[in-house]
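The listed protein sequences derive, respectively, from chains A and B. First residue of the first sequence? That's 1 in my numbering, and the numbers climb one at a time after it. First residue of the second sequence? That's 1 in my numbering, and the numbers climb one at a time after it.
Hints listed in this document are in silico derivations from the structure and should not be mistaken for laboratory results. Computed from a predicted model, the values in this text were never measured in an experiment. C-beta: ideal position from N, C-alpha, C; glycine also. Errors might be hidden in some of the hints.
[To be verified] Derived Cβ-Cβ restraints for the label pairs, each shown as a range:
| # | chain 1 | residue 1 | chain 2 | residue 2 | range |
| --- | --- | --- | --- | --- | --- |
| 1 | A | Val131 | B | Pro92 | 21 to 31 Å |
| 2 | A | Gly228 | B | Lys102 | 44 to 54 Å |
| 3 | B | Phe29 | A | Val131 | 51 to 61 Å |
| 4 | A | Gly312 | B | Lys102 | 20 to 30 Å |
Each chain, letter by letter, is given below.
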Amino acid sequence: MAPLEPWEKALVDGKKFPATVHGHVDCTDCHEGSQSSDKETAHEGMTARPSEGEAKACRECHPDVAETFPSSLHSTQQGYWTVLEARSVPENHAALEKAFGNHCAKCHASCGDCHVAQPAGVGGGLFEGHVFTAAPPMTRSCTACHGSRVGNEYLGKNEGFPGDVHFREGRMNCVNCHDNHELHGQPAACAECHTAPEEMSMKPANHRYDGLQTPTCESCHPNTILGGDNIEMHTVHGADLSCQVCHSVTYTSCDGCHVALSEKTGKPFFETENTYFTFLIGLNPGRSYTRPYKYVPLRHVPATPNGFSFYGENLLPNFNSLSTWVFATPHNIQLKTPQTESCNACHGNANLFLTIDKVNPEEVEANQNVIVEEVPAPVEEETGTP
Amino acid sequence: MFLVKRSAKKRLDFMQKFQWIGILLLAAFLLSGCAPVNEAAMQDESAASPADLAPVFSIQSALARVVGKPAEPNECLKCHADKDRLIETGDPVEPIAESESKGVG
Numbered sequence: 001m002a003p004l005e006p007w008e009k010a011l012v013d014g015k016k017f018p019a020t021v022h023g024h025v026d027c028t029d030c031h032e033g034s035q036s037s038d039k040e041t042a043h044e045g046m047t048a049r050p051s052e053g054e055a056k057a058c059r060e061c062h063p064d065v066a067e068t069f070p071s072s073l074h075s076t077q078q079g080y081w082t083v084l085e086a087r088s089v090p091e092n093h094a095a096l097e098k099a100f101g102n103h104c105a106k107c108h109a110s111c112g113d114c115h116v117a118q119p120a121g122v123g124g125g126l127f128e129g130h131v132f133t134a135a136p137p138m139t140r141s142c143t144a145c146h147g148s149r150v151g152n153e154y155l156g157k158n159e160g161f162p163g164d165v166h167f168r169e170g171r172m173n174c175v176n177c178h179d180n181h182e183l184h185g186q187p188a189a190c191a192e193c194h195t196a197p198e199e200m201s202m203k204p205a206n207h208r209y210d211g212l213q214t215p216t217c218e219s220c221h222p223n224t225i226l227g228g229d230n231i232e233m234h235t236v237h238g239a240d241l242s243c244q245v246c247h248s249v250t251y252t253s254c255d256g257c258h259v260a261l262s263e264k265t266g267k268p269f270f271e272t273e274n275t276y277f278t279f280l281i282g283l284n285p286g287r288s289y290t291r292p293y294k295y296v297p298l299r300h301v302p303a304t305p306n307g308f309s310f311y312g313e314n315l316l317p318n319f320n321s322l323s324t325w326v327f328a329t330p331h332n333i334q335l336k337t338p339q340t341e342s343c344n345a346c347h348g349n350a351n352l353f354l355t356i357d358k359v360n361p362e363e364v365e366a367n368q369n370v371i372v373e374e375v376p377a378p379v380e381e382e383t384g385t386p
Numbered sequence: 001m002f003l004v005k006r007s008a009k010k011r012l013d014f015m016q017k018f019q020w021i022g023i024l025l026l027a028a029f030l031l032s033g034c035a036p037v038n039e040a041a042m043q044d045e046s047a048a049s050p051a052d053l054a055p056v057f058s059i060q061s062a063l064a065r066v067v068g069k070p071a072e073p074n075e076c077l078k079c080h081a082d083k084d085r086l087i088e089t090g091d092p093v094e095p096i097a098e099s100e101s102k103g104v105g
């Protein structure tokens, strides 16, 4: 989408907005400042983005969401810290916090970033003349931030690779799968449906693939669960494979992201060394009750040991404690893929598996828990047995 | 026989003389249904319920606070709904330095 003009970002729909529920609230109740025909007077003490922080402006009418959202991944970006803390040591946290504030924190989302305006990190600007929307507009909100990988995959923007079937055929929006409880970080709501004892005892998620699996493919495709349909591959593989192993196609991987502040402008910038397409199956580094798969697709993330060297030397001394090829759920699902063509499309096909020869020698140690040592043997196609 | 007839006539006279009192009593009873409800008494009764004492949030209660306000001139909206005024009063646009970022973020 073309960048908005400054006036476009702040233009309120004078007919539609006053007719909405939020239009009945005095502007200054949320934005503070004061009612005045003089701009300077009106804007004195004004808050342009009143849902930031504790979301005080939203809390009065939406207390349930406002209570949990500040601790949700969208708000805290805890996933970053889970990784940074694992790879660093406490004495380096101050330098990393500075780097995080300059380069990563802009991806934090507040209530308004999804429900009334584009996130500040992608330029801001009201969606529809300040008319609030319950479901975020996908391309102006969700994929405006989650664009380089998820957005491009889902919408079919990677040349030569089709968009996700849920978009192509179903025109499904992100929120059709990722419901409000998940996006607002409301684990109590998850537990209303996920009632198994193992699930009830889980701690809140501290990264994307932690805790309850929401959404799950099986929520909409219950027949695919072991023995639920007549598809032999589903029966044979059971829970050994994540759905994406067979039903996703080539996706993006990146290498070596470095961050720094510009010498010219003082502004933060990043540089990634390489971006390329991959489809590689590896071992699930965190098999659990909710993610029991032995094999999952792996995506290379742009983490690198000296990525934060602008802020200090050797800030990630435990870099190898986490893999650089990580559990991925590519958002380009297809009914038929190269993997579903036959058993031996995967069995015996080393090209599809993350074997040690495909790993950068400097990263072998970090990826020990995901590298496939032995590619599954070819099978007799007629009988389907090894 | 004569005595019986006489006593019956007396009863009839008595009833005719005082029938308006009965009509008045009946009318008063029927009209009592239209009397205003003693709201204070009802509130006192409901106040005795501990469940109702708990503060109950509803979006209606929050809206009632603002919807009931007398309409005031909205200076914010006057400006922010006026494209020309926004352009006229907008801060000068500073040239944004081209991002030095390279690669996929």
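> Checked against the structure, which of the hints given earlier come out wrong?
Replying inline: Checked against the structure, no hint fails, so every one of them is satisfied.
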